[in-house]
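Colleague: Use these hints to put chain B onto chain A, whose structure you have.
2 protein chains.
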Amino acid sequence: MKISIAQLNFHIGNFEGNLAKILEAINIAKQDKADVIVFSELCICGYPPRDFLEFDDFIRQGEACIERLRTSVSGIAVVVGAPSRNPVIEGKDLFNSAFFIADGEVKAIAHKALLPTYDIFDEYRYFEPASEFNVVEYKGKRIAMTVCEDIWNVGNDNPLYTICPMDELIKQNPDVIFNLSASPFSYEQGNSRIHVIRANVERYKLPMFYVNHCGAQTEVIFDGGSVVMSPDGKVHDELPYFEECIKSYELADVCKGGIDRERPKDKIGLIHDALVVGVRDYFRKLGLKKAILGLSGGIDSAIVAVLAQRALGAENVRVILMPSQFSSDHSVNDARKLAENLNIQYDIIKIEDVYESYMKALGPHFTATKFNVTEENIQARIRGMLLMAMSNKFGNIVLNTSNKSEAAVGYGTLYGDMAGGLAVIGDVYKMEVYALSRYANKDGEVIPENIINKAPSAELRPDQKDSDSLPPYELLDEILYQYIEKRQGPKEIIAMGFDEKQVRRILRLVNRNEFKRYQTAPALRVSTKAFGMGRRMPIVGKYLS
Amino acid sequence: MKISIAQLNFHIGNFEGNLAKILEAINIAKQDKADVIVFSELCICGYPPRDFLEFDDFIRQGEACIERLRTSVSGIAVVVGAPSRNPVIEGKDLFNSAFFIADGEVKAIAHKALLPTYDIFDEYRYFEPASEFNVVEYKGKRIAMTVCEDIWNVGNDNPLYTICPMDELIKQNPDVIFNLSASPFSYEQGNSRIHVIRANVERYKLPMFYVNHCGAQTEVIFDGGSVVMSPDGKVHDELPYFEECIKSYELADVCKGGIDRERPKDKIGLIHDALVVGVRDYFRKLGLKKAILGLSGGIDSAIVAVLAQRALGAENVRVILMPSQFSSDHSVNDARKLAENLNIQYDIIKIEDVYESYMKALGPHFTATKFNVTEENIQARIRGMLLMAMSNKFGNIVLNTSNKSEAAVGYGTLYGDMAGGLAVIGDVYKMEVYALSRYANKDGEVIPENIINKAPSAELRPDQKDSDSLPPYELLDEILYQYIEKRQGPKEIIAMGFDEKQVRRILRLVNRNEFKRYQTAPALRVSTKAFGMGRRMPIVGKYLS
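So the sequences go chain by chain: A and B.
So the first sequence is residues 1 to 545, counted in the working numbering.
So the second sequence is residues 1 to 545, counted in the working numbering.
Same shape as in the complex, but just chain A (with noise of 0.2 Å):
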């Protein structure tokens, strides 16, 4: 049995272009003589749809969708992944299912079991969880089809689910398992991903194909990364990261095991290249073309407009430098090198007069109170609004430079420089910033030495240096990242080793800038745990704050 898997950047909602890029698909696999072709989880109508599910049009837009492919599909098998109505009037009444169609027939319809309901996933709000399980007989092989997370209950410490979807359809003596995946990329993923399917592969002695989305929904980026394994656990081939691939194999050969194609797995290069499939996705599935940021001569900036020039082309990214009276020389001129070194449209507008009127219209209120925050602030978001003003007047969307760290302490003015319409980098922590940075450097300077080496400052006052109000970053970062993606609590960060006064404040910071956050443009998510859809945390609260 030769069997294709295409790893495919889907669209959510866009049932015409999904259905076009399968059928496109179907075709490649035909001139491989496949006998099967595999897509990826809920591919008919992209992942993660969301509430679109709950629109009856919705459902039924799928469906024709699956009705077109069993009626116009001939002589190779398709495997599917679309939302399928619950028949029993008890439970919700959706599945996210698995379609198996060939001979003109639905042969099988195999439903998920797990349901992820943590993180950004909220699938049991949807969809009622398998009960049955059957494998699907066709060209005499024996398939065990799974959707997602039914393979990741296995080699868990601590298993999230009471059943294991695989345990039952292993009594019924499968010869190779599916796994239709839309599984999100963070700069741990690919590991995970391997260490599981491996656990299922040795535990159940069966070569499995695991085929995800690639491809960037919003925040949520695809990697990816679809999989090929041997019965003996080895990889007999891993896809491309980001990129769409359809590739054919024997089930013969991967059987016989012995070959091993894992690809590295660097985290930083991964974090860039997803950052830049973010941006491109961002734009290309809203039908757009064009970025707008302001280059403060800061690092954050800086790699924000490399990833947006390296995701969109230098002709589709306009920057705006905006001093103010606070700016340094030096900021002006690092800002204006990097335009120059990416080959991307810079301008020059000084806030000063804007911020004058401002103070002249506030000054009969403000009579007897000093310069503090309130002047900070006016300045970043004199700084957002002439963005906006340049997008509202050209098209180009903001793109938001805030890294999570500051996203994280709330050092960021709402409406000012938390303003735009995608934070590219609001889920990379401020050294990975640097980390980023270098990077980006690697074949060659784009962004100037001295941008990098400086000390990193807002500008909104004399000789403000960031390390005024926060501790160094990397120790910000350290603790950051226990509180945030490891949910330790300030016993377990003290216990550490961190200071815990200093804990104390972080994780107060953390808690009571909520309510900036709620506010703010979705985040590319790349870490396990980004700001977001993925953690929800109430604004009225009173827990560490």
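Hints are computed from structural coordinates only; laboratory data are not their basis.
Hints are supplied without guarantee of correctness; some may be wrong.
If chains are identical, the list can't say which one is meant, so a pair holds when it fits in one copy or spans any two.
To be verified - In silico BS3-like links for lysine-lysine, alpha-carbon gap of 27 Å or less:
1) K542 with K21
2) K393 with K350
3) K360 with K350
4) K290 with K491
5) K350 with K370
6) K337 with K465
7) K393 with K107
8) K290 with K542
9) K2 with K171
10) K234 with K141
11) K289 with K370
Modeller: Structure of chain B alone, referenced to chain A:
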């Protein structure tokens, strides 16, 4: 047996504060000579605790409170809700539990079986459903302890769950049902609640003591309205809405039935009271006092000013009138009159000079472009910035005044009139804003009639009217309601008789403006489907857009 019910306003994560409230209520119940006092769901930690539940430290604090109740309370049994740990390694790590504490012992723990995972609810994200059901015996009575949703699978046409906890418990011949709830307000909820309680009481022929939270947690408002229902289906008592209340009942009296104390439920009156509580608790629970908002002379900011004044007191509400060259005289006069009626501080800051300073700064880049939405947005954003500056300087939190109709179709400026910490009427359609304004005037004119009667306008260009770019609100609201609350698709809405072009345009506007709503403040929830955490839509989708 005498049973007390305690309908209290808890605060998420405020373990000390919640425990103090619980102990105080226990003392009152003891003075009433009650045998048992019943509190609401997760009262120990507040509801909804959201991802705080992922912190072991948070769970430990809840456990410490249970321990303090166990060791310090005597002479009365106490039923409280708190998270508890799942001792089984498979499945989620927690249960959502009701603790029955008496005589220095935790006599029983009942876990919630039906975990709402829809709209604003994410319970399966955290909790394992109960699989065992046992009544508790106390002083000769057999008590069926249920948690909130556990009673909601009875009397439904389309049940969400495959099991029904009371069907299990009834086999053990209970004498009475306790239900610990945290069931949020919507203007339809009061009737739904009575309907569901009655369906249970009639099916199981038992009295029910249903105890609900009251007060607001960010956007989610709990209305209280706890119910004691007799086996004959009569409302023996219904506690007040939106207020704390502790009351005791002889079980024998309740069992007799024949008394009907159901409260009247007026949609607009309930919305009014809910919003007042929503504003009040947002401030109180964040430790804040003072609000600020922009008064435009229009109806939206007018009703928000009224609600704020009623929630926080006249001395804590400040308004700014920010006319431009496009503002009509009547706008300023109407706004001033309203401020005077409310006896709140108002100031006037003209925005024309700031606007001109932006035009000057942007002039070199805007050559050969025409006045368009860019310049309109600049005006709205200057107003937003001025309010934020006043907020930063004086500590008043900015109240957002966008209504649900505008938020739906994106008729608002991000970082401009969409700024603010809390969207007070963000879940109130424009036609409901009118009704609410008339309601606010029911005891005498507070909102000047002219504000209610004039044609709505954003006044961002000469002679602008909302009706220039939007259909009449009567029509718009009806279509939005079908799409948002009722999840009807274009086909279904058109079949109701609405114009096809109009319907498709409005649905497209709703979907294309998801990015704006993503970045706005939490909106106090008063309907069955509010924007925000209860409605999760892809930004980068291609569905009806």
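Colleague: Confirm or reject each hint.
Modeller: Status of each hint after checking the structure:
| no. | hint | in the structure |
| --- | --- | --- |
| 1 | K542 with K21 | between (49 Å within a copy, 15 Å between copies) |
| 2 | K393 with K350 | both (19 Å within a copy, 24 Å between copies) |
| 3 | K360 with K350 | both (17 Å within a copy, 11 Å between copies) |
| 4 | K290 with K491 | neither (47 Å within a copy, 35 Å between copies) |
| 5 | K350 with K370 | both (24 Å within a copy, 22 Å between copies) |
| 6 | K337 with K465 | within (22 Å within a copy, 47 Å between copies) |
| 7 | K393 with K107 | neither (54 Å within a copy, 68 Å between copies) |
| 8 | K290 with K542 | between (42 Å within a copy, 19 Å between copies) |
| 9 | K2 with K171 | within (24 Å within a copy, 56 Å between copies) |
| 10 | K234 with K141 | within (22 Å within a copy, 63 Å between copies) |
| 11 | K289 with K370 | between (44 Å within a copy, 22 Å between copies) |
When each numbered hint is compared with the structure, violations occur for hints 4 and 7.
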